[in-house]
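Asker: Read top to bottom, the protein sequences are chains A and B.
For the first sequence, counting from 1, position 120 maps to 115 in the numbering used here; every step adds exactly one.
For the second sequence, counting from 1, position 26 maps to 21 in the numbering used here; every step adds exactly one.
A portion of the hints provided could be inaccurate.
[Claimed, not checked] Just a few of them, taken from the derived set where beta-carbon distance is under 8 Å, the chain A residues facing chain B:
(1) Leu3
(2) Pro11
(3) Gln31
(4) Leu33
(5) Arg136
(6) Val138
(7) Leu140
(8) Thr151
(9) Ser152
(10) Ala170
(11) Glu173
Derived from the structure by calculation, the hints contain no laboratory data.
We put the beta carbon where it would ideally sit given N, CA and C, even for glycine.
2 protein chains.
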Amino acid sequence: MAHQQADLEPVLIMVPGVGGGQAEPRFHQADPARAQLLVTDLVATRGEGVFETLGVFDGVAMNVGPHLQRLARSAAMIDLPAPDLDLLASALDAAIAAHTAVPELTARIMMTRGVEGADAPTAWIHARTAEDYSAARRGMRVVMLDRGIPTTVAGTSPWLLAGAKTLSYAGNLAALREARRRDAEDVLYVSSDGWCLEGPTSTLLVRRGNTFTTTPTEAGVLPGTTVATVLTALEQDGRTTSRELMRPQDVLDSDGAWLLSSGRLAVPITRLDDRELPVDAELTARMNAAASGRG
Amino acid sequence: MAHQQADLEPVLIMVPGVGGGQAEPRFHQADPARAQLLVTDLVATRGEGVFETLGVFDGVAMNVGPHLQRLARSAAMIDLPAPDLDLLASALDAAIAAHTAVPELTARIMMTRGVEGADAPTAWIHARTAEDYSAARRGMRVVMLDRGIPTTVAGTSPWLLAGAKTLSYAGNLAALREARRRDAEDVLYVSSDGWCLEGPTSTLLVRRGNTFTTTPTEAGVLPGTTVATVLTALEQDGRTTSRELMRPQDVLDSDGAWLLSSGRLAVPITRLDDRELPVDAELTARMNAAASGRG
């Protein structure tokens, strides 16, 4: 996929109607170069919000339904009001339509708890030309980092928000900085009970022979939208798929591993800690054709 | 302490000079009722920021130096630029001076990673009349909740940011909501290796006989500013103090326990899970006189 201009104007759509009630107009375009948020918005004072990042390929947003459903799931996990998903879908369409046509667009759907005391969520869609992911899609070096928590907390301790896509993301970015300090580009989290989980912004997919395995969401990981699309494509190709927990040694000894996300798509892991992993460029291209709706 | 009006105008001071460089003016008053933050500020897209909350009593901010030092420590833990602490202290003074005189003011010092791509932090001071904490200072019901991580992660896994006061605070608020579901008002976190840690927004202090004990910061808790003031006062009163890890049973069997923070001050725990704890109103008043600089 060709390099894209990064300086095209981003598009911002504010969605005051997201929580229902009487907001009028229910969404409107706004200037992303001007301040839009109060300092007392709970996203600014407490990281209280949820989000989704979508890949938009040749003007078509992938997996809109699953992303919106996951946003609603994350919102419920932090007791936000249920978002108006139809309204968000319309606002997303408006953002994509307002953006200059580009091969790859990244659209973020953001929803916060709103201004302190106001009891009405803040929401917006921000669409911009995607970064150039062509190098990443050839492969990345990844390190395994302890996530500190066991796979059981999603069941026992929901207040830890394992598997919720919240805007309290500082830990994920700290992990990515640690990866760079270790001469790597991304992270595979390992639970304190010794299972491979996910990346800070991605889902794990591992090939062993003809079988492709990802982490079950019960382990407290985010239910991946891109991995679901890719698994379906692999099944159509006659591959076997499964959702089960894997040990670090399983991934180190695998026939290939990927980190999947909506904008960057499937990125093969070229090196995991000190181990070189097999990379299959053709298979990666097949996954990414499916994940971008070009398959 | 008397009930205070909550509708006095809050004061906002933006501090564009916080990261050094050429920002001019280095801080200025702004309208908190108007939007001040871009949607691409990394605090809004990733919860990337650090903060401090100070209590200001009769116009005097308590523990300004320790709070600023802790802000710098948190900033370093997430690789933010070192904040200009003298500038922040001046901006804090300006915020307090601009606010109507009230007995208790809460001042927040906020610093984010700034707008995506801009490489300059965003910072502000927000001062407002404190909530009415008089009921809380008579006592609160507290439940113990699993924090999921062991006391060792601060040493082994710094990317988990244990002990950093970041704006990625959604988990702490989720824990407080869980407390309300359990008919309690606050939380005492317990580590996965079974030690009492701290509250989501407070420090633990436990009395056993004449000895007052708080959690050591090496366990991955925030170094409390208020507890330091209170421990000093207790030592002046001839009490013994210590910093050591305690088991839940130690606190349940104690002669009293408190959660300490800068605005709410020392709050006695009246009930921990199902156990009633002894409450000493006079001793609590002594702590709060010290913690508010009125001792």
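Asker: Does each hint fit the structure? Answer for all of them.
Answerer: Now the hints, each set against the structure:
1. Leu3: violated, 14 Å
2. Pro11: The hint is violated - Pro11 of chain A has no Cβ within 8 Å of chain B, the shortest such distance being about 13 Å.
3. Gln31: At 5 Å from the nearest chain B Cβ, Gln31 of chain A passes the 8 Å test, so the hint holds.
4. Leu33: holds, 6 Å
5. Arg136: Status violated, d = 17 Å.
6. Val138: violated, 11 Å
7. Leu140: Where the cut-off is 8 Å and the nearest Cβ of chain B is about 6 Å from Leu140 of chain A, the hint holds.
8. Thr151: With a minimum Cβ separation of about 7 Å from chain B (threshold 8 Å), the hint on Thr151 of chain A holds.
9. Ser152: holds, 5 Å
10. Ala170: It holds, given that the least Cβ distance between Ala170 of chain A and chain B is near 4 Å, below 8 Å.
11. Glu173: holds, 4 Å
In summary, the structure is inconsistent with hints 1, 2, 5, 6 from the numbered list given earlier, while agreeing with the others.
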